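Peer 1: Make a model of the complete structure from these sequences and hints.
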Amino acid sequence: MGHHYNFRIPPEEPSRETIDQHRDFDAVLAQFQAAPPTLPANQRLFRRRLFWIATSAAAAAALAGWFFWQTNTLTLPSPEQAQLMAQAHFAEQPCLDVPVPALDKPLQRHTIDAQTGGTLIAANGSRLVFPYQAFQDNRGNAIQGEVDIWYREMHDAVDFFLTGVPMTYDSAGTRYQLESIGMIEIRGTQNGQSIQLAPGKKIQVELLSTLDAPSNSLLPAYNVYWLDTVSRNWSFQGVDQLSWYTEAPTDDASSGNRSLSQGVSDQLTSLDAEEANILTRLQANFPPPIEPKAPIQANAGLPSLDIDPAWNSLEMDAETRTIFQEIAGKLVVITPRSNEFDERMFAVEWDGLRLRRGADGDIELSLIAGTTQRRLFIQPVLLGKAYEEARKKFETAYTRYQQSLADYSREFAQRKEVLLNDLKTRRAQLQQAYTQAVAQEGTGSGKTTRQVRSSFSIDAFGIWNCDRPLPPLPQQVQAARFVDQYGIEYPNQVAFLVDKKQNTIYRLYTSKGAVVPLDQTGEQIIWLITPEQKLAITQESSWFENRKPGKPVVVQVTVKDQAVHSEADVRQLLGLGGS
Amino acid sequence: MERSENRISEEAMHREWGEIQAAQTNPERFRPLYDRYYEAVFRLIYRRTGDEHLCADLCAQVFLKALQKLPAYSFQGVPFSAWLFRIAINEVGQYFRQSQRNQRVVSLEENHLQLLLDDTDEADPEEYQYRRKALLAALDDLKPDDLQLIEMRFFEQRPFKEIAELLDLTENNAKVKVHRLLERLRKKMNPGG
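Chains as they are written, first to last, in the numbering used here: chain A, 1 to 579; chain B, 1 to 193.
Read the hints as simulated data drawn from the structure, not as lab findings.
Model, not experiment: these values are computed from the prediction.
You may find that some hints are simply not true.
A short, non-exhaustive set of chain B residues, derived as facing chain A with CB atoms under 7 Å [said to hold, decoys possible]:
1. Y46
2. A56
3. Q61
4. F80
5. W83
6. V105
7. S107
8. E109
9. D168
10. L169
Ideal placement from N, C-alpha and C gives every residue a C-beta, glycine not left out.
Peer 2: Quick look at the structure:
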């Protein structure tokens with residue numbers, strides 16, 4: 001015995017005088033001041049980063065190794081490698097990645113009577129109609145009295161920039177850039193506690209926005225998406241019922257042949273939206289086989305939790321109780337999907353829990369205390385022989401799954417081809433028509449700005465977006481570096497790109513070899529935020545025009561001395577008008 | 001067994017939060033907190049290292065880390081001391097994981113051992129020495145995290161609530177873990193029974 005620990009019985013205790021001899025706060029302070037830490041701006045971001053770092057450690061290590069090699073061989077990574085680095089970076093950021101917290105657009109407070117419902121009229125005339133008894137607390141109890149509704153709208157690239165809303169959409173394995181006609185964020189609280197919409201209750205939304213379009217053109221088609229902050233993706237909800245809200249101008253100068261190419265262009269964009277919808281529906285109606293989950297052995301490096309049999313006394317519904325009886329007394333791991341996981345939740349006394357079995361094998365565990373609720377995804381941990389048996393079963397199931405997946409991929413590709421065949425023909429015809437229309441029209445804009453109304457209903461709080469997928473910008477160049485007028489470089493941070501023809505914002509990662517999407521026919525602006533919280537903006541396009549084919553470009557930005565205190569400052573510096 | 005000298009009142013905890021906020025903006029104002037907790041942190045580390053100079057080094061490291069992490073500290077309704085002790089426990093753990101030369105020290109009184117024997121089985125006074133040896137052997141086989149739970153509960157006599165705060169567990173979870181450890185010790189001491 002005594003191999004591992006040195007047991008001291010009885011213990012030796014140092015005297016107070018001995019302890020005081022070592023007490024030296026000034027020395028600790030001097031050491032701290034010599035090398036103070038660089039801490040992230042807020043705790044939430046820090047914890048979230050910790051979580052993502054844990055889940056993507058292997059990927060990060062591989063990327064770091066790769067980056068080291070690249071740096072030392074002085075070669076530029078391929079566009080695919082640069083995209084991978086960008087994806088790894090953005091995966092670590094919060095879903096709503098607000099670039100300057102002080103400039104985040106505030107939500108406005110409105111009051112609604114929960115019993116009778118009511119209408120919220122926003123400053124720009126948008127209307128939201130709430131039905132009666134529309135709200136419940138986080139435990140499903142109907143809410144009475146007045147509730148606070150927190151509401152804001154985002155309409156243009158500056159809004160998307162300031163709020164950090166993601167503008168890409170992954171559908172059936174393809175990533176689309178989204179162009180928005182308007183977005184809302186809506187939350188509800190009562191006495192400071194968050195509330196939910198009751199099941200079956202919907203808020204009717206009439207969102208007013210402006211659209212630059214020829215007066216005689218058809219309205220483009222938009223979809224409605226809800227931002228799923230768990231999967232960090234937009235979730236398709238339906239089609240936006242878009243209508244003109246203001247009459248066409250009587251001045252007919254903007255109509256005529258000039259609008260022809262814009263009309264065809266809109267139809268082409270609608271075709272892209274249609275394609276995305278077809279793929280979304282195909283995937284919904286013909287889902288891929290479910291991948292079996294590998295059993296988890298103890299010490300898998302994930303946070304774990306003992307399901308205490310004593311929790312039996314907590315409030316739980318029938319389904320919860322059934323699942324609870326199966327896992328009581330077992331050790332479970334908290335899977336990386338649990339983005340609400342925070343180690344501090346173990347210090348909270350929860351008074352209720354809810355368990356639900358997911359289709360993917362995870363168990364959803366909701367912990368409830370008062371009106372607070374936190375959701376985790378857990379899996380029981382297996383030990384010894386039970387693990388070996390489960391592992392064998394999994395391997396058999398996984399072989400079957402791979403076969404099913406290969407069959408599914410073939411079948412999916414065939415169905416997709418049949419469904420998109422018609423679109424392919426129509427696209428070719430439209431592209432031909434577009435070329436002819438452009439040739440007829442010559443130059444000039446011929447556009448007018450009109451108000452449009454998006455009508456849709458929502459059944460949950462969160463961020464709702466009326467948008468459509470955009471075709472990719474026609475050119476892509478690689479950037480060797482981003483550098484300002486003083487020669488200072490801005491590596492490995494986020495830069496923003498706006499093409500004034502599109503109502504969206506592109507987020508770039510300024511690593512060596514970053515891929516910059518461009519359209520030479522458009523008017524584009526790229527900017528980034530300096531460590532002093534100033535904007536550094538591309539002033540002119542010489543950096544792009546002087547590029548040599550196949551060679552990386554140096555993106556030249558100019559740091560603006562003007563301090564940025566408000567949204568108006570941002571709009572003025574970027575030259576992007578009001579929303 | 002449910003009292004601990006480290007517990008402070010709600011009011012004191014809130015008052016202390018004011019001091020912490022002041023220190024978050026000016027590190028110099030961390031001094032009263034340093035003075036208040038230096039001795040407790042020193043003793044906690046000393047019980048696990050048994051070496052005065054090593055203990056002083058680790059103690060300085062703990063307060064340096066506390067200063068570095070302070071801007072991210074937010075009030076969670078638990079004493080500030082729990083946060084400091086957690087840093088100290090992590091520092092000690094890290095030291096012994098990296099050190100090849102020194103053995104982790106476990107400091108305890110004879111009566112604490114007696115208490116644990118009572119908890120693990122009905123002690124027979126005549127067999128005390130035999131059972132004591134068996135218990136120390138069983139303790140010596142525990143993993144560091146498990147031994148720490150026993151140490152906090154039985155040798156340092158901390159309440160479950162405080163153990164939970166220090167180890168980032170729920171109180172129930174701490175109870176279940178200790179209960180299971182006692183079961184395991186009992187089995188090791190009585191392999192046949």
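Peer 1: Take the hints in turn and mark each one as holding or not.
Peer 2: Hint check:
| no. | hint | in the structure |
| --- | --- | --- |
| 1 | Y46 | holds (6 Å) |
| 2 | A56 | holds (4 Å) |
| 3 | Q61 | violated (9 Å) |
| 4 | F80 | violated (14 Å) |
| 5 | W83 | violated (11 Å) |
| 6 | V105 | holds (5 Å) |
| 7 | S107 | holds (3 Å) |
| 8 | E109 | holds (5 Å) |
| 9 | D168 | holds (5 Å) |
| 10 | L169 | holds (5 Å) |
Checked against the numbered hints given earlier, this structure breaks hints 3, 4 and 5; the rest are met.
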